[in-house]
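Visitor: Protein chains in written order, with the UniProt record's numbering: chain W, 1 to 238; chain C, 1 to 238; chain Z, 1 to 238; chain L, 1 to 238; chain R, 1 to 238; chain E, 1 to 238.
Hints were generated in silico from the structure; no laboratory data involved.
Glycine is no exception: its CB is placed at the ideal position from the N, C-alpha and C atoms.
Watch out, some of these pointers could steer you wrong.
A partial selection of chain C residues facing chain W, derived with a Cβ cut-off under 10 angstroms [said to hold, decoys possible]:
hint	residue
1	50
2	199
3	216
Interface residues of chain L toward chain Z, partial, derived using beta-carbon atoms under 8 angstroms [stated by the list, open to error]:
hint	residue
4	45
5	80
6	83
7	86
8	93
9	97
10	101
11	104
12	193
13	199
14	201
15	203
16	204
17	205
18	209
Below, each chain spelled out in residue letters.
6 protein chains.
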Amino acid sequence: MARADGRRPDQLRPVTITRNWLAHAEGSVLVEFGETKVLCAATVEAGVPRWRKGSGLGWVTAEYAMLPRSTNTRSDRESVRGKIGGRTHEISRLIGRSLRACVDYKALGENSVVLDCDVLQADGGTRTAAITGAYVALADAIAWMRAKKMCPGNPLVTSVAAVSVGVVGSAPMLDLCYVEDVKAETDMNVVMTGKGDFVEVQGTAEGAPFDRAALDGLLDLAAAGCAELTRLQTEALA
Amino acid sequence: MARADGRRPDQLRPVTITRNWLAHAEGSVLVEFGETKVLCAATVEAGVPRWRKGSGLGWVTAEYAMLPRSTNTRSDRESVRGKIGGRTHEISRLIGRSLRACVDYKALGENSVVLDCDVLQADGGTRTAAITGAYVALADAIAWMRAKKMCPGNPLVTSVAAVSVGVVGSAPMLDLCYVEDVKAETDMNVVMTGKGDFVEVQGTAEGAPFDRAALDGLLDLAAAGCAELTRLQTEALA
Amino acid sequence: MARADGRRPDQLRPVTITRNWLAHAEGSVLVEFGETKVLCAATVEAGVPRWRKGSGLGWVTAEYAMLPRSTNTRSDRESVRGKIGGRTHEISRLIGRSLRACVDYKALGENSVVLDCDVLQADGGTRTAAITGAYVALADAIAWMRAKKMCPGNPLVTSVAAVSVGVVGSAPMLDLCYVEDVKAETDMNVVMTGKGDFVEVQGTAEGAPFDRAALDGLLDLAAAGCAELTRLQTEALA
Amino acid sequence: MARADGRRPDQLRPVTITRNWLAHAEGSVLVEFGETKVLCAATVEAGVPRWRKGSGLGWVTAEYAMLPRSTNTRSDRESVRGKIGGRTHEISRLIGRSLRACVDYKALGENSVVLDCDVLQADGGTRTAAITGAYVALADAIAWMRAKKMCPGNPLVTSVAAVSVGVVGSAPMLDLCYVEDVKAETDMNVVMTGKGDFVEVQGTAEGAPFDRAALDGLLDLAAAGCAELTRLQTEALA
Amino acid sequence: MARADGRRPDQLRPVTITRNWLAHAEGSVLVEFGETKVLCAATVEAGVPRWRKGSGLGWVTAEYAMLPRSTNTRSDRESVRGKIGGRTHEISRLIGRSLRACVDYKALGENSVVLDCDVLQADGGTRTAAITGAYVALADAIAWMRAKKMCPGNPLVTSVAAVSVGVVGSAPMLDLCYVEDVKAETDMNVVMTGKGDFVEVQGTAEGAPFDRAALDGLLDLAAAGCAELTRLQTEALA
Amino acid sequence: MARADGRRPDQLRPVTITRNWLAHAEGSVLVEFGETKVLCAATVEAGVPRWRKGSGLGWVTAEYAMLPRSTNTRSDRESVRGKIGGRTHEISRLIGRSLRACVDYKALGENSVVLDCDVLQADGGTRTAAITGAYVALADAIAWMRAKKMCPGNPLVTSVAAVSVGVVGSAPMLDLCYVEDVKAETDMNVVMTGKGDFVEVQGTAEGAPFDRAALDGLLDLAAAGCAELTRLQTEALA
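Could you build the full structure based on these sequences and the hints that come with them?
Guide: Here's what the structure looks like:
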């Protein structure tokens with residue numbers, strides 16, 4: 001079963017992580033998974049949302065969006081339509097939850113980090129690229145905070161990376177590009193810590209329902225992919 | 001590890017499925033998982049959304065909402081706020097995807113079924129109760145369509161049921177009620193067909209990330225729970 | 001002039017008032033006028049809206065909504081459309097005004113009660129059923145508050161009930177069901193206190209304008225209907 | 001009981017009806033009830049809303065709004081807030097229903113008239129002034145249509161006028177100005193045809209509930225007021 | 001090159017400025033440039049927007065809107081559409097900036113003036129009429145404030161007037177009416193102080209781009225027009 | 001008067017124009033004016049908006065937006081706020097008008113080009129950079145269309161470039177960066193064709209009003225700046 005771009009089934013696309021892509025943000029990364037390009041900006045804000053005030057705990061949140069012409073055909077802006085679509089909401093929430101998994105709120109103090117993940121170009125796997133890049137932007141933002149003595153401790157307890165896996169033409173494959181994603185019978189996004197534990201597992205039967213063996217195979221692939229992404233994050237931050 | 005209501009870790013809450021709860025809908029079910037009560041209404045509409053016209057294929061979609069006082073403290077109406085929240089969007093999309101997994105679009109013909117799942121009372125597991133009840137409402141609506149000779153074939157290829165599982169105080173537990181859900185370190189919603197395959201697996205580390213063994217334990221619990229719910233659906237439809 | 005369901009012109013549909021239908025709300029009622037079913041939930045909130053702070057006075061407000069498939073054909077959710085329709089606004093305001101008529105704000109203290117009236121099934125008269133049921137939910141909520149010593153006095157100065165009347169085929173009729181409502185030349189909603197005074201009179205010529213004699217006849221019918229509903233409310237609260 | 005401006009209890013404020021106040025509209029009226037000034041514009045549009053197409057019947061609708069500084073203190077624009085308030089909705093609907101009562105849809109043919117009633121200055125009774133003025137604008141628009149041979153018959157079957165009445169300090173009074181309206185225990189808006197029949201009766205107990213005798217007294221006052229307004233409309237159109 | 005209404009190319013339409021057109025506003029003007037009629041209301045509010053609190057400085061802002069039937073064909077209300085269009089936003093911002101040019105914030109103290117400019121009838125040049133009229137309303141509002149001793153000094157440092165100019169059929173013309181505006185190749189709005197300086201210059205090539213000589217000719221015309229408007233404002237305020 | 005970055009008053013910042021920055025768009029440019037970076041994507045769509053159908057003429061439109069962290073402090077997303085701000089509207093409209101000035105609609109045929117200008121990083125002059133870059137993206141998109149034989153003729157009649165000028169500390173300066181823009185007394189954006197004619201002139205007195213001599217000086221600076229930008233566009237397209 002040959003892949004669209006000649007990769008092995010268990011092979012990631014070329015991944016590049018460019019730090020400090022923006023001048024103003026406390027942390028920023030242009031992350032590329034093949035043709036997928038996501039700009040991740042981490043903004044540090046003193047203070048936390050109202051419902052969390054006085055708790056001594058920090059907060060991390062995320063917003064995901066796609067530029068109108070990041071995709072093959074242009075889509076309308078959500079600002080013009082006047083509302084955010086379900087997919088955008090769902091992915092923003094996923095990114096926020098994922099990044100919160102590597103943060104010690106107490107060590108962060110009553111500060112917030114907002115992670116803006118804007119897809120400049122989309123070719124499948126935008127949410128997993130966003131999580132992988134946002135972690136690096138978050139790490140830089142936290143380093144900036146620590147240099148400013150804003151945090152009572154070290155808020156970063158582990159790292160977080162994400163990858164998509166799927167069954168395409170009965171074969172399990174790692175890091176699907178768009179043409180593979182469209183054909184996938186099962187599609188799974190897996191978020192893992194640098195220690196190899198799961199933060200989020202989201203598997204969906206796009207075509208036929210899948211059995212336990214297929215699920216196990218996909219989880220194995222994803223674990224290997226996340227380990228490789230963790231290595232690339234570490235390298236980038238070195 | 002005793003549960004809030006004295007159940008065994010692998011035990012469902014009392015489940016009741018009341019068909020034909022509404023007079024007007026083509027299929028309707030009041031489903032109860034303990035104190036959680038969801039009203040599921042299936043509406044049959046001739047025709048399909050614009051993007052699907054002329055395909056010969058049908059469509060199934062879902063909308064989920066909570067009454068303002070279904071919860072312990074009142075929450076504002078989304079109609080009053082003027083926009084649908086991320087959680088609502090996410091769950092509506094999950095229910096729609098789950099129900100589409102049991103439908104043969106070709107056999108449905110160019111007809112649509114809308115599944116409205118309104119939570120009258122919430123005590124954890126509203127989305128899984130909604131999916132479980134919506135399947136029965138959908139089955140009734142499809143029976144109604146077939147009696148009217150609207151469908152070229154039998155659109156129902158399998159059944160679908162869903163249950164939540166989670167790790168509470170280190171112990172894996174089935175069908176979490178609200179007080180358990182709040183304390184859960186890991187929370188997973190699993191949707192399965194009547195044949196025992198997976199339609200959707202969504203696991204989230206609310207507290208500490210989880211390892212493969214914990215994931216496997218939760219999947220085992222969920223599979224047993226879904227099998228029991230499938231049995232109750234079959235009984236209700238008998 | 002026979003009625004659709006064989007009732008006498010001056011006869012109410014079977015009315016049932018089920019208290020404590022919900023587990024969480026401070027007062028809750030499922031009220032049924034024939035096939036019309038409205039779930040009324042009363043929520044007690046300490047404090048009042050900003051414009052009323054420091055006045056020593058309480059506040060009562062209401063929100064009305066219909067489930068999408070409460071009606072014969074499905075209607076879109078107002079949350080999905082992103083705005084509340086004129087009819088919804090109008091009825092919410094009517095219910096709020098009506099219930100405020102039986103409350104002594106001073107005796108309530110600076111507390112609020114929100115009355116959520118959600119139509120689960122509609123067969124005409126949803127707003128009058130809502131008012132009639134909401135009164136019982138409000139009475140229960142106020143009893144709950146008094147048990148908690150939240151109120152400086154007894155805020156309930158009278159009771160409130162409502163009924164629709166109309167001219168159908170030249171004949172005045174009480175408590176119109178949907179098929180009668182559609183054919184009515186004149187449609188009137190009347191809200192009265194338990195003492196027999198008027199709180200609100202809203203009469204509309206749907207077909208031909210009506211004269212004073214017709215108006216008088218309808219008011220007589222309504223007064224008798226409200227008296228009967230007051231009796232049923234008293235019974236339910238006993 | 002002296003009135004704020006020295007009027008007798010059964011006396012209207014000075015009413016002026018200025019036709020053709022706008023250059024573009026097919027009918028337009030600046031109507032003044034004392035200090036209340038409403039600009040009513042009637043727009044003729046060929047065709048009817050989608051749901052009425054092919055019926056051979058016309059349609060009349062209305063929109064009401066207040067300029068931000070029509071009132072004593074400035075209120076925010078509904079366009080800026082992004083949504084129409086309940087009161088605006090309610091009054092727009094009332095004006096539309098009222099004007100439809102004097103129109104024969106069949107004689108109108110498949111044409112629409114939109115009545116825009118914009119309050120330039122408010123001093124109580126804006127909705128009743130709007131209805132009274134909108135009738136004259138509608139009559140002019142229909143004359144314009146008939147001159148253009150757009151209508152199969154004469155669509156104007158009667159005239160329509162409206163006035164507010166209320167109980168202020170126990171005394172029934174006609175055509176309340178703002179300071180009276182604020183003090184009114186009971187507030188009623190009555191819409192009547194030129195023939196003396198009722199189109200709409202909306203009475204509200206703002207303070208204490210009211211009895212049948214009070215209601216009867218208010219209806220008498222309103223009938224006399226509407227008859228006088230009908231005379232002024234006829235004069236203006238002569 | 002004859003003009004639609006027989007004016008000379010450098011001639012304004014008849015301009016009338018009627019002060020105190022509204023009873024409630026602190027300053028109000030009905031300004032007419034030929035058939036264009038704009039109602040300008042100035043509202044004084046103690047305090048400033050949040051971002052300016054504690055600065056000791058005042059604020060002036062403006063909102064522009066058109067009545068639905070101010071134009072030749074009816075346009076939908078922005079409140080009904082639920083959002084403000086780009087043109088409205090642009091003109092509101094222009095009016096606000098223009099009026100702020102004649103105000104000394106320090107002398108105004110921490111007070112705000114809101115200028116509502118509502119177009120009752122449109123025949124070209126609504127934004128320039130609005131600015132010209134709003135200045136007079138602002139001057140009246142400031143006089144009102146000074147009479148109340150609300151201002152630490154005299155906030156009015158100069159006057160402001162505005163006019164449109166354009167190239168129609170190769171000829172530069174002053175104060176375009178609608179039929180001229182539609183045909184204009186170049187369209188320019190110029191805002192000037194009473195001292196003859198520029199506050200805002202907005203020139204747009206509607207048809208062919210324009211050269212420096214054309215620009216210079218239009219600026220000369222506009223300067224003469226603004227000087228004449230300044231004279232009329234002074235007269236009106238005398 | 002030294003500039004923030006040591007430039008001469010009549011000197012542009014370093015300008016780079018990178019074509020084909022995106023894989024999917026028919027034309028795309030990353031344009032940089034110093035630290036200001038705008039991504040311009042041109043999308044070709046067969047057909048025109050409804051109001052233009054059947055005219056035989058094409059259409060060009062634009063949308064401008066800023067990423068939340070393109071600026072020094074993060075700003076909320078307009079999609080999250082649910083409405084587009086006045087500034088965004090104003091700039092989108094300016095870009096659209098400017099680009100339409102270089103297009104022959106007839107030669108374009110009934111096709112549309114949408115220009116999306118997304119500010120990735122802002123340091124003053126984002127709208128002028130956007131126009132300058134969008135022209136190049138448009139030229140590429142039109143070349144793509146002509147290669148596909150979509151256009152009846154050559155739609156590109158000239159080129160378009162834009163630059164900001166302003167008076168800072170009494171000195172006229174070209175191409176203001178953010179710190180200069182904030183201090184500018186007068187701020188002007190000028191759009192010119194490659195032939196040296198004006199498309200749009202927008203000058204605003206931010207501080208003191210300006211006289212004709214100052215205006216003339218700014219126009220001279222802008223003309224020279226636009227000529228240099230035209231040269232860079234030509235080079236980029238070579």
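Visitor: Does each hint fit the structure? Answer for all of them.
Guide: Here is what the structure says about each hint:
no.	hint	result
1	50	15 angstroms, violated
2	199	5 angstroms, holds
3	216	9 angstroms, holds
4	45	20 angstroms, violated
5	80	15 angstroms, violated
6	83	6 angstroms, holds
7	86	4 angstroms, holds
8	93	5 angstroms, holds
9	97	6 angstroms, holds
10	101	6 angstroms, holds
11	104	12 angstroms, violated
12	193	5 angstroms, holds
13	199	5 angstroms, holds
14	201	4 angstroms, holds
15	203	4 angstroms, holds
16	204	5 angstroms, holds
17	205	5 angstroms, holds
18	209	3 angstroms, holds
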